[in-house]
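In order, the protein sequence lines correspond to chains A and B. What the first sequence shows, in the numbering used here, is residues 2 to 330, in sequence order. What the second sequence shows, in the numbering used here, is residues 4 to 571, in sequence order.
Any given hint could turn out to be false.
Subject to a maximum C-alpha distance of 20 Å in a straight line, what follows is the list of computed DMTMM-like cross-link-like pairs (lysine to aspartate or glutamate) [claimed, not checked]:
| id | chain 1 | residue 1 | chain 2 | residue 2 |
| --- | --- | --- | --- | --- |
| 1 | A | 206 | B | 371 |
| 2 | A | 197 | B | 352 |
| 3 | A | 206 | B | 468 |
Think of the hints as simulated: they come from the structure by calculation, not from any bench. These numbers come from a predicted model, not from an experiment.
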Amino acid sequence: MADQAHLADPRDPWYLRLPVVADLRRSHGLQRGMLIAGLTLTAILLVTAALAPLLAPYSWAQTTDAAGVFGSQQPPSARNPLGTTVAGFDVLSRVIWGTRTAVAVMACAVVFSLFLGVLLGLVSGYLGGWFDRIAVMIADAVYAFPSLLLAIVMSIVISGGRSDAWGGILSAALSITVVFIPQYFRVIRAETIRLKAEPFVESAKVIGVGVPRILFGHVFRNATRTLPLIFTLNASEAILTLVGLGFLGFGIEPTSASEWGYDLNRSMADVTSGIWWTSVFPGLAIVLSVLGVTLVGESMNDLNDPRLRTRVKARRAPAAPAASGKEQR
Amino acid sequence: MSLDERFPGTDPRLRIRDLDVTFATDAGPVEAVTDVGFSVDPGEILAVVGESGSGKTVTARSILRLLPETATVDGAVLVEGTDVLTLPASTMRTVRGRDVAMVFQEPSSALNPVFPIWWQFGEGLRAHHPKITRAEIKAKAVEALASVGIPDPQTRVNRFPHEFSGGQKQRIIIAMALSMGAKLIVADEPTTALDVTVQAEILQLLRDVRDAYGTSIILITHNMGVVADLADSVLVMYQGKVVERAWATELFASPRHDYTRKLLAAVPRIGSASASAGLDQDAWARLDAAEVVTAASGMDVTYPGRLGSPAFTAVHGVDFTIHAGEVFGLVGESGSGKTTIGRAMAGLEAVTGGSLTVFGHEMRGFRERRFRPLRREIGFVFQDPATSFDPQLTIGECVGEPLLVHEPGLRPAARRERVAEMLEAVQLPAGYARRYPHELSGGQRQRVSFARALALRPRLLIADEPTSALDVSVQATVLALFHELQQRFGFACLFISHDLAVVDQVAHRVGVLHRGRLVEQGPGFEVMTHPADAYTRRLLASLPVPDPVEQAERREALRAERGHDTHA
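Take the sequences, apply the hints, and build the full model.
This is the structure:
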């Protein structure tokens, strides 16, 4: 069947069958370029987050060093390579430490919503009935809210206003989770309903396989093919929501962690007075990290669709002698 | 000898020379068609036959340049002397429809559901006559519908596709080809999605169209009965190459190529290998005395209607019994309720009236928990071997699953041994246990399907059209395997099929379903040779036999009977 043909060969070693690696191996041309660009940007984001203590010259909330106070809104110099903010923080350090916050929120939000959304979708789609109807209704209701508004409400409910680093990260992550759960729920539920009617699930039923084994053994393994895709697309949306919350003032205290959205908010007044370094660098960090993750997601989307995936054009080989031998048989 | 030059002097309507088609796939280029050449004369009906993957559809689609972008086409396709492969896209559009029209397999998806019939005619007509008015389109459409035998064309031209039956939709598509004046119709499996009785009517229509308008027809099919019924000449394709081209009468009488001979031998025919004819009195008595495995009496299956529409009764008052060791064949057209009965026996469908017992367990008011212990006594083989296996599991895991569920104490090594044993029973090497379903061919997968169904040695097997998704030659081997397995394990079986000839080969007793009612049942050979019910007679008469001479006689007989019906 056509939609099985593009599955990675199950006998390849496991690391070649991982979603991103398998996609990279079968991509060509522009699609490959997009994927590699996305992977590079994402890798830079992750490495920076991991090595932030080594890369950043100062801490995120440092306003002084051995030589004294940095000063407010200082232009880029040897001491502060990207200048300082209105509050006297080092811009480079805050951009670098900001990757940690971004990655932490992204990971938490996506993992929470993945677990809850997938579980709810599987159970709701397979069992149906009143539970399914109520779950769908709640998911629809969540969809009807503007997601940022919902995130704001959730962050107020969860953190009760401003809070420390992990409290802020978790409240941002949880408020994003609430917005994302319906997406996973919907996708997995739709897949489950489709798979429920597939002959292979019915044949398991006829054999007498129990519900948990059908759900997690047969349906789950076949329903998760689209997950890496929503996963990456949602990851970029998670960064944007986090930054949006920070920009609107519902984020994390500047002294507990560095967060790009907050910095952008603070730098708004600087733009009109010609101080460009306070807004450009956090902004650039947001754009590049979102772009990187989105590129990975979009190219995986294209590669997973056999109609969008480009292939090496067939070149007609000169008639091989082996072929003519076959003809005579 | 060149088959191209069979009619010196007449210009062929279509001539294909050295056609090569290569597809770019993930696994590298695949040659679908190599070195194909043939021609079609005016008024000729050419049947292109071959198994799935033999390149017959690709060849036909290349005539209209309907291949996907991944295809590379080489060679020449001359329609009325113009090479369509080199035409620019704008000129190509005028060739489509005017010179060549296409009739697809699935008539329901070939018509746009949101527009009335006349509008669909207008699409094609406007492409060739941009100034045509709505009144002219309707007039042309009415004329074309009348010519293909749609009753009351004046009013029905304003109807929508869903208001027509499948056979009528196929007629409408043929009418559309005629209204554009197409001189060559490419019909890709035009009757595969239709029931036998409707198929006979469509084949008759195609023959009438050829006789009346001199249209050439390329008929792509895998059904040798259809070929015998309609075709003047036959092109046999195998693995992307033409292996034989001959007149239909010649081909059936004396096939030259080995492959053609094999193909013809594999076609099942009623009465040639009847499973029930050879049984003597004793055998019947033994079957009747055996324990009753399944009994239905007055069984109803009703689907509740949506708000405002009445409930739909799929199965209506059906009575039958299946004894241990007996194969009960259930035949009927699509929608007759045969699959519903099979699914109800496996507890996949609720029985709403009457009674159905399986091993004495009443299926009305079914509860999975109480039925589960009986599941190990029932095997189920599904129609489509491509979708009835979990693509993530190996063949070994699939066949071992029933063992895992019902004999949880079994050690993995012992289970693997049992799986190997089962694979051997269905004539597959034990090494296939490590493969994945998509790595097997359709026939091999259906063998695995039997292995899985029989892994627990059940006393009842439900086989729902187990061979209808397979090629004829593969079907023959799977049927032989079924026969052998039934002899060896002695299970009772409900064998569901739409193909009378297949049922005749495997079943002791046969039941004929028509619109949810069992109109006739009895020993296989008796139902096949002396049908008591009018519907069974019509079903048998509509089934084309793979012999052009005999089929011509049967066709006349069917026409006579149908004329009789309309008079009555």
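Now for the hints, and whether the structure bears them out:
| no. | hint | verdict |
| --- | --- | --- |
| 1 | A:206 - B:371 | holds, 10 Å |
| 2 | A:197 - B:352 | holds, 14 Å |
| 3 | A:206 - B:468 | holds, 19 Å |
Hint compliance for this structure: every hint is met.
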